[in-house]
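Engineer: Chains as they are written, first to last, in numbering that gives the first Met the number 0: chain A, 0 to 241; chain B, 0 to 60.
A hint or two may mislead.
Stated by the list, open to error - What follows is a set of in silico ranges between Cβ atoms, one per label pair, in the way DEER data are often shown:
no., chain 1, residue 1, chain 2, residue 2, range
1, A, R230, B, A15, 44 to 50 Å
2, B, E12, A, K235, 56 to 62 Å
3, A, Q47, B, V33, 53 to 59 Å
4, B, E50, A, G139, 48 to 54 Å
Hints were generated in silico from the structure; no laboratory data involved. The C-beta atom is built at its ideal place from N, Cα and C for all residues, glycine as well.
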Amino acid sequence: MNILHRFANPTRFQRLSKKIEPWVLVLMLLTMGSGLYFALFSSPVDYQQGHTVRIMYIHVPAAWMALFCYTAMAIAAAISLIWKHGLADIAVKATAPIGAAFTFLALVTGSLWGKPMWGTWWVWDARLTSVLVLFFLYLGYMALRDAFDDPARGAKSSAILVLVGFVNVPIIKFSVDWWNTLHQPASVIRMDGPTIHVDMLMPLLLMAFAFKFYYLWVMLVRIRQELMAQRIRALKHRQAIE
Amino acid sequence: MMNDTNSILSMTEHGAYVWPTYGLAAVVLIGLVVLSLRALGRSRAELERIELETGRQRDEA
Chain A
0 MNILHRFANP
10 TRFQRLSKKI
20 EPWVLVLMLL
30 TMGSGLYFAL
40 FSSPVDYQQG
50 HTVRIMYIHV
60 PAAWMALFCY
70 TAMAIAAAIS
80 LIWKHGLADI
90 AVKATAPIGA
100 AFTFLALVTG
110 SLWGKPMWGT
120 WWVWDARLTS
130 VLVLFFLYLG
140 YMALRDAFDD
150 PARGAKSSAI
160 LVLVGFVNVP
170 IIKFSVDWWN
180 TLHQPASVIR
190 MDGPTIHVDM
200 LMPLLLMAFA
210 FKFYYLWVML
220 VRIRQELMAQ
230 RIRALKHRQA
240 IE
Chain B
0 MMNDTNSILS
10 MTEHGAYVWP
20 TYGLAAVVLI
30 GLVVLSLRAL
40 GRSRAELERI
50 ELETGRQRDE
60 A
């Protein structure tokens with residue numbers, strides 16, 4: 000827990016953030032650039048799906064990020080509620096729009112993939128429906144967070160919402176096993192290893208890393224911005240008193 | 000590997016699904032970066048203004 004509180008100090012966090020941000024940005028651009036090249040030009044066409052397999056290189060990493068971001072939010076929300084950790088609360092706020100963006104991408108690109116492969120844009124399938132609920136949870140968090148005049152009350156109630164909504168993450172993950180879904184079961188994160196050929200697995204993993212670095216970089220930028228916004232509120236408050 | 004431009008764009012009639020996927024991803028992800036950086040810039044400018052103001056008030060006091 001000591002390391003947790005070491006980075007509760009905004010100044011220390013900002014110093015660390017400034018050091019790692021450039022490296023994260025470079026890693027993001029490298030993985031994104033190479034991932035897109037392999038995804039669009041240098042990976043094989045699927046014998047069944049044809050070129051639509053290229054949608055996988057956006058859809059799957061975006062879906063992974065949708066779950067990853069919400070899980071990160073739940074952990075940070077628990078830390079902020081239990082230990083009153085200010086920076087953890089800011090991390091939840093910074094992550095929400097990023098997670099919502101990836102969830103939106105997963106839903107729409109899944110639909111773009113579903114039309115040629117399943118013959119429909121949307122079906123009330125267990126996997127698709129639970130991811131749609133996840134998207135509403137992200138939106139609900141962001142709305143609830145700003146629904147109070149007192150930021151502390153908004154932070155607390157929205158953190159509780161995140162924790163309550165976390166039950167949806169395992170439902171999404173195991174929906175393809177528990178229910179009879181149109182959506183295919185997992186083909187990468189499986190007990191006995193991926194079932195995807197390496198020529199397709201490589202761009203998929205490159206894009207997955209690219210989206211992770213993207214998340215880290217945008218989150219750091221948003222945390223710094225929120226720390227400044229907090230300092231502005233404090234200074235304005237002090238000016239009003241004096 | 001696909002080389003001529005036509006087959007890249009058409010992707011044997013699947014291009015209508017693949018290119019919007021990549022286009023949408025670019026719009027959403029780049030859009031979020033732009034919004035985040037603009038918010039950071041605004042906060043930085045406002046913080047500098049208030050800190051200047053606070054410093055001036057303290058000098059006058």
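Engineer: Range hint 53 to 59 Å: satisfied by the CB atoms of Q47 (chain A) and V33 (chain B)?
Structural biologist: 38 Å, violated
Engineer: Verify the CB-CB distance for E50 (chain B) and G139 (chain A) against the hinted window 48 to 54 Å.
Structural biologist: 36 Å, violated
Engineer: May I ask you to test the hint 56 to 62 Å on the CB atoms belonging to E12 (chain B) and K235 (chain A)?
Structural biologist: This hint holds: roughly 58 Å between Cβ atoms.
Engineer: Do the Cβ positions of R230 (chain A) and A15 (chain B) conform to the proposed distance bound of 44 to 50 Å?
Structural biologist: 49 Å, holds
Checked against the numbered hints given earlier, the structure breaks hints 3 and 4 and satisfies all the rest.
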